Amino acid sequence: MSTRWLVGLSLAATLACGASFGRAGEGEFKSGLQPGETPAAFQCRDITGPNKGKSLCYV
Amino acid sequence: MLFAREVTGPLSSLLKQFDASVAKNKDADLKSFAVFLTEDSEAMETKLKAFSEKEKISENVPLTVVESLSGPEPYKINKDAEVTVMLYNKGKVVSNFAFKAGEMKEKDVKAIVAQIPKILPDEGELKEKAEREAKLKKDVEELKKKLEAAKEKEKK
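Going down the list, the sequences are from chains B and H.
The opening position of the first sequence corresponds to residue 1 in the working numbering, with each subsequent residue numbered one higher.
The opening position of the second sequence corresponds to residue 1 in the working numbering, with each subsequent residue numbered one higher.
Do not take every clue at face value.
Claimed, not checked - Computed list of lysine-lysine pairs in BS3-like fashion (alpha-carbon distance at most 25 Å, straight line):
no., chain 1, residue 1, chain 2, residue 2
1, B, LYS52, H, LYS31
2, H, LYS24, H, LYS129
3, B, LYS30, H, LYS110
4, H, LYS54, B, LYS54
5, B, LYS30, H, LYS118
6, H, LYS31, B, LYS30
7, B, LYS52, H, LYS49
8, H, LYS79, B, LYS30
9, B, LYS52, H, LYS118
What the hints assert, rightly or not - Now the stretches of chain H that chain B is said to cover, found in silico as 3 or more residues with beta-carbon under 8 Å:
no., segment
10, 26-35
11, 57-64
12, 73-86
13, 92-99
Worth flagging that the hints you see were computed from the coordinates, not collected in a lab.
Owing to the predicted nature of the structure, the values given are computational and were not obtained by experimental measurement.
The beta-carbon is built from N, C-alpha and C at its ideal position, and this holds for glycine as well.
Full structure from sequences and hints, please.
As structure tokens, this is what we get:
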């Protein structure tokens, strides 16, 4: 009896977690690299920095 | 690193705080730069020069331009993002913040700035860096002396 109760409780908890993760993922606005990802080199034109007027990579 | 499509809202506040953080953490090699994505780089350049003068953003935070609204492809900048901020250290992104037009508020600026310590080296790493630099300086001095000695020997 107590085993069945524990299994039931565990299943309910798993479903609740899944549902809440699902909601958070759908509503989240994402842009750019996410934590753990590696920034790649790219060229930009410096307007106000120490290399103004030059194209270079600041990454 | 910050990507923006417009010079609006509390962006100046954020860039000023990046400026101050870079100045305060020179020893830790903290760096920052902002990339403005535009289709008209000449107009953006004029805007950025005026903005940096007015807001007194120093060379600590270079304002730069990429002539493409979508930005560098690997960065996956959302087409609806007005501001995207990525804090990274040792070649990995640690924190990411993204805002649609008009959504970034002063409280978000505070939240972003509060994450900066996460990308700063700890005391041990700073000590190691100082030791490496001291050794390099010593090696350079020794090399200079050897070169001078060799030159003197050649003269004789």
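Hints versus structure:
1. LYS52/B - LYS31/H: Between LYS52/B and LYS31/H the Cα gap is close to 16 Å, so the pair holds against 25 Å.
2. LYS24/H - LYS129/H: Roughly 17 Å separates the two Cα atoms, so the pair holds.
3. LYS30/B - LYS110/H: holds, 19 Å
4. LYS54/H - LYS54/B: holds, 22 Å
5. LYS30/B - LYS118/H: Since the Cα atoms of LYS30/B and LYS118/H sit roughly 21 Å apart, the hinted pair holds (cutoff 25 Å).
6. LYS31/H - LYS30/B: Given that 25 Å is the threshold and the Cα spacing comes to 24 Å, the pair holds.
7. LYS52/B - LYS49/H: holds, 10 Å
8. LYS79/H - LYS30/B: holds, 10 Å
9. LYS52/B - LYS118/H: violated, 29 Å
10. 26-35: holds (count 3)
11. 57-64: Satisfied; 6 residues make the cut.
12. 73-86: It holds, with 10 qualifying residues against the three required.
13. 92-99: holds (count 7)
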